[in-house]
Amino acid sequence: MNNSQLLKGVLEGCVLIVISDDEVYGYELVQKLNKLGFTNLIGGTVYPLLQKLEKRGDLTSQLKPSSEGPSRKYYSLTPQGKKQMDEFINQWHSLELVVNQIISKKDDQND
Amino acid sequence: MTKAEDTQKLISSNNDLRKKLNPTNEKYYSKLLIYVRTSGLLYEDYEVESSLLEILQDILDAQNNGQDAQDYFGQEPSKIANQLINNFTKISFKQQLKFFGTLFGVTAIWTFITQLIGHEQQLNLMPFILNGVFLILFIAGTFWFIHQTTYWKLSDHKIFSFLFTWIVCMAVITIFTGIQFVKPAFLNIPVTPTIIVSLNLLLLIASLVALIKIDKNKRPLMIAISPIIWVLTTTNILKTYLPIGSHRMITLVTAILIFLSCVWFFVCFWRVNRQQK
Chain A
1 MNNSQLLKGV
11 LEGCVLIVIS
21 DDEVYGYELV
31 QKLNKLGFTN
41 LIGGTVYPLL
51 QKLEKRGDLT
61 SQLKPSSEGP
71 SRKYYSLTPQ
81 GKKQMDEFIN
91 QWHSLELVVN
101 QIISKKDDQN
111 D
Chain B
1001 MTKAEDTQKL
1011 ISSNNDLRKK
1021 LNPTNEKYYS
1031 KLLIYVRTSG
1041 LLYEDYEVES
1051 SLLEILQDIL
1061 DAQNNGQDAQ
1071 DYFGQEPSKI
1081 ANQLINNFTK
1091 ISFKQQLKFF
1101 GTLFGVTAIW
1111 TFITQLIGHE
1121 QQLNLMPFIL
1131 NGVFLILFIA
1141 GTFWFIHQTT
1151 YWKLSDHKIF
1161 SFLFTWIVCM
1171 AVITIFTGIQ
1181 FVKPAFLNIP
1191 VTPTIIVSLN
1201 LLLLIASLVA
1211 LIKIDKNKRP
1221 LMIAISPIIW
1231 VLTTTNILKT
1241 YLPIGSHRMI
1251 TLVTAILIFL
1261 SCVWFFVCFW
1271 RVNRQQK
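Chains as they are written, first to last, in my numbering: chain A, 1 to 111; chain B, 1001 to 1277.
Hints may be right or wrong, so weigh each one.
Claimed, not checked - FRET-style restraints, in silico, Cβ to Cβ:
| hint | chain 1 | residue 1 | chain 2 | residue 2 | range |
| --- | --- | --- | --- | --- | --- |
| 1 | A | Asn100 | B | Leu1097 | 39 to 49 Å |
| 2 | A | Ile17 | B | Leu1211 | 49 to 59 Å |
| 3 | A | Leu97 | B | Asn1087 | 30 to 40 Å |
Just so you know, these hints were derived from the structure itself, not from any lab. Here the structure is a predicted model, which is why all the values come from computation and not from measurement. Beta carbons are placed, not taken as given, at the ideal position from N, Cα and C, and that holds for glycine.
All chains, please: the whole structure from these sequences, using the hints.
Following this line, the structure appears as structure tokens:
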């Protein structure tokens, strides 16, 4: 998958969903997203996104001691972020419906 | 802990952790570090450093899992860094004033001492202003240049790069020296010997107080520059009282002491550098 505008918005929503499960630090988040199917996703895409979401107030971060070396920055969802996430899920469902309808209509015509 | 101390802690953690990177990753990350740190003078240090440390910790995780920094963070680190830099918070107007004020203060002390080395019984305000502006432009210019050339080399030819650096250095020295002679008459402030002695004495005492009172992490810098201040202020005071005939002798002794102070300054820096390594 390439780095298109469409993907960026979707990725933002997915990040919120993944973080809503449990607080994560950067590398952990990238790995989780990789495993979930964003196989080509790199860290470089995630940091500016996390920074943006934190600035906007959707995420909050906390330093927590780690087993090795200095404390790590863990991100968790704020109530505002939770609202954003719910909104994203709703929008996704209605968009999915519309897009699927358009695609199946096109397929019908081709048949 | 104050925010400045927190930032200092982040920087020293970063210095420690960087040693764990393998050579390839170290090269990749150090470039990123320099690029981000030189992106501007007016960003919140804490935010910049915490972002840099976070990325370093994650690159180390990736390294431990057998992934290269480049594969983890991306092929175009400068583009990613630009996105991060654009989102950094700028320091408040009050902090900006404090920052520029400190720079002007430091150059003012220097300008003051050098203006009193001559026999003129007056100070001129112009070099005070110009030296401050010069220092700010010099620091900003150096940052800008390092930032621009981190991912983009001026030239692959060593001779060209050397020549360019040489010309810039010469230009900087010429401008800096020239500034000291820009002294329009209307900005002259006459000073009496009493004022000269009291101001120098004040500076001498202030530098001693600063040496004791200053933050622990800034003390090495104070220890390094203090002898230069002591020598120059003491000379200025002595010159006011001793007969003109002895001034040549004083100048000679001062020159030797200044040279030794400069050597001391560089020895201090070398030691601090070695400790950090």
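*Unmet hints by their number, sorted upward, for this structure*: Checked against the structure, the only hint that fails is number 1, while the rest are satisfied.
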